[in-house]
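Here the structure of chain A is known, so what remains is to put chain B in place on it, guided by the hints.
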Amino acid sequence: MALSGYQLAADLSELMAIGKVDLPALGATYAGLNHAVNTTTDHDTAAFSMPGGAGMSAAYQSWSDLRYELRNIFGTTANNMQTAATVMIHVVEAYAASDQGAADSLHAAWKDGPPVNAVDKDEKIPPGDAPEVVAGNW
Amino acid sequence: MGYTYRSIDDLQKLGERVRDAAVKMTMKQEESYAAAQVEANNDATRSQTGQLTQVPGYEAPASGRPDDDGNLRGYVEQSYAGVPAMFTAFSVPNPDDCIPMANTFYSAAVTIEPSLEVTHQGDKFSAPLLTPGANGATPVGEMFGFMSLHMKNWDGDAAKAFERYLTKLGLAAKLQREFATSMGVTLDAQLEIRRRMLTDVWEIGEKTIKVLESLDGWCTSKQSAQTTLTVAGAIAAVVFVFATEGAGIAVAVEGIQSAATILGAGGQEKTEAEISGATVPPVITSMVNALTKLRKTIDAQEQELVSCIQQLAATLRVNFDRVLVEAPSDFVNAGTASVDTLDKGRQFYDR
Numbered sequence: 001m002a003l004s005g006y007q008l009a010a011d012l013s014e015l016m017a018i019g020k021v022d023l024p025a026l027g028a029t030y031a032g033l034n035h036a037v038n039t040t041t042d043h044d045t046a047a048f049s050m051p052g053g054a055g056m057s058a059a060y061q062s063w064s065d066l067r068y069e070l071r072n073i074f075g076t077t078a079n080n081m082q083t084a085a086t087v088m089i090h091v092v093e094a095y096a097a098s099d100q101g102a103a104d105s106l107h108a109a110w111k112d113g114p115p116v117n118a119v120d121k122d123e124k125i126p127p128g129d130a131p132e133v134v135a136g137n138w
Numbered sequence: 001m002g003y004t005y006r007s008i009d010d011l012q013k014l015g016e017r018v019r020d021a022a023v024k025m026t027m028k029q030e031e032s033y034a035a036a037q038v039e040a041n042n043d044a045t046r047s048q049t050g051q052l053t054q055v056p057g058y059e060a061p062a063s064g065r066p067d068d069d070g071n072l073r074g075y076v077e078q079s080y081a082g083v084p085a086m087f088t089a090f091s092v093p094n095p096d097d098c099i100p101m102a103n104t105f106y107s108a109a110v111t112i113e114p115s116l117e118v119t120h121q122g123d124k125f126s127a128p129l130l131t132p133g134a135n136g137a138t139p140v141g142e143m144f145g146f147m148s149l150h151m152k153n154w155d156g157d158a159a160k161a162f163e164r165y166l167t168k169l170g171l172a173a174k175l176q177r178e179f180a181t182s183m184g185v186t187l188d189a190q191l192e193i194r195r196r197m198l199t200d201v202w203e204i205g206e207k208t209i210k211v212l213e214s215l216d217g218w219c220t221s222k223q224s225a226q227t228t229l230t231v232a233g234a235i236a237a238v239v240f241v242f243a244t245e246g247a248g249i250a251v252a253v254e255g256i257q258s259a260a261t262i263l264g265a266g267g268q269e270k271t272e273a274e275i276s277g278a279t280v281p282p283v284i285t286s287m288v289n290a291l292t293k294l295r296k297t298i299d300a301q302e303q304e305l306v307s308c309i310q311q312l313a314a315t316l317r318v319n320f321d322r323v324l325v326e327a328p329s330d331f332v333n334a335g336t337a338s339v340d341t342l343d344k345g346r347q348f349y350d351r
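Sequence lines, in order, name chains A and B. Counting from 1, one number per residue, gives the positions in the first sequence under our numbering. Counting from 1, one number per residue, gives the positions in the second sequence under our numbering.
Because the hints were derived from the structure by calculation, they are not lab data. Watch out, some of these pointers could steer you wrong.
As the list claims (entries may be wrong) - One-sided and incomplete, this derived list gives chain A residues near chain B with beta-carbon spacing under 7 Å:
#, residue
1, A17
2, T40
3, H43
4, P51
5, L70
6, I73
7, Y95
8, S98
9, G101
10, A103
A virtual CB, placed ideally from N, CA and C, is assigned to each residue, including glycine.
Looking at chain A on its own, in the form it has when it is part of the complex:
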């Protein structure tokens, strides 16, 4: 290893920012988009019912199918971000497990969340719990 102790911890902290903040933030954002697109179904009848109320208009089925494609793309991307975050955290912990000094420095720095010098002010997880990804058939 090129570095050890607090110096390695500093570089691991960069990966920690990706694994603990950036990727989960993206996951939460995409989960929110997935959820938001899914709720548009609430207005389907208002937007697409046939004039006079008999059935749905010609554009509805193909539009709705595409809407669900978008929903699922957002949902799958959300899950992919969480998976990537897990990989990144594994890399961090694998290195930390091999260097006690680095592990101590890293965990001390992150014990109250992301250290201010490790992340930009705009690197943040959206407030509140990320909604559960909606998937499956429609």
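Here is chain B on its own, set in the frame of chain A:
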């Protein structure tokens, strides 16, 4: 002309006003009255001989002549009883209630990548360009930039795979943004078709009443009124807003066509309908023809929309791997690798 929502009750009342004007003018105008008498007598004969009557369900009166004033009024009222239903057949929920639905897609687009090029919105459609992104979320594109910076001291096959993944995710985000925007645009087009349909059906009803009321009681001279079917320009109007005010929303991405681009190729033809006649029957016939033309024009607009959506779907299928990017295996495998593999195996190491 501003848009006013017309509910099913509004359309019913409009239809009743048309019906009442038709009955009133039939009873008032000599030639219409005479024509109605002929029809009433013929239908009475049909009714008495078991034939199908011209006016559905008509039965010859039990007392008096079919063409005397009282019985004739009943016959004429029955003749035009179906008029209100011709108008309520166009009833739809208020399209403006669906603006939040369209804004969901614009909000998704802005969450992925805000548009900085446009600062104002049209006064009619949803507000795609001022729609805020998801609450508290940093734009997706910006997050990829942060991650690239964090990777600056790391190297190796898995680390490089992750950086390439970030690049692909950046492009995917642009495609997703375009896709979300196109969903908003196509929905806006659908809503605008409905707004204009309501405007047009209302105009046809009002002009029919006007022409009926202008028929002369004694002298039969043709009266007419033109009505423009604004629904013919519904899609073009939505595209126009995006072309003039939403230039920043269209992202030039290779291989991807936006809904605004696809729909913009369609153009717009001016479509008019005439309400006219010297007596009541031809006026009502021309009204029916105008409503039929309106229906066909709506169908044509909807078909254009369907075609656009199908093209978007085809574009998505072709580009699916670019829109939804899976993490590369070189990177994913690092998720179970030992530190020796990561470091000495040069998979993910500190420079």
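Hints versus structure:
1. A17: 5 Å, holds
2. T40: Hint holds; T40 of chain A Cβ to chain B Cβ min 5 Å, cut 7 Å.
3. H43: Since chain B brings a Cβ to about 4 Å from H43 of chain A, closer than 7 Å, the hint holds.
4. P51: At 5 Å from the nearest chain B Cβ, P51 of chain A passes the 7 Å test, so the hint holds.
5. L70: At about 6 Å, which falls below the 7 Å cut-off, the nearest Cβ of chain B leaves the hint on L70 of chain A intact, so it holds.
6. I73: Holds, because the Cβ-Cβ distance from I73 of chain A to chain B comes to roughly 5 Å (cut-off 7 Å).
7. Y95: 6 Å, holds
8. S98: 5 Å, holds
9. G101: 14 Å, violated
10. A103: Constraint on A103 of chain A not satisfied, violated at 12 Å.
Going down the numbered hints, you'll see the structure goes against 9 and 10, while the others check out.
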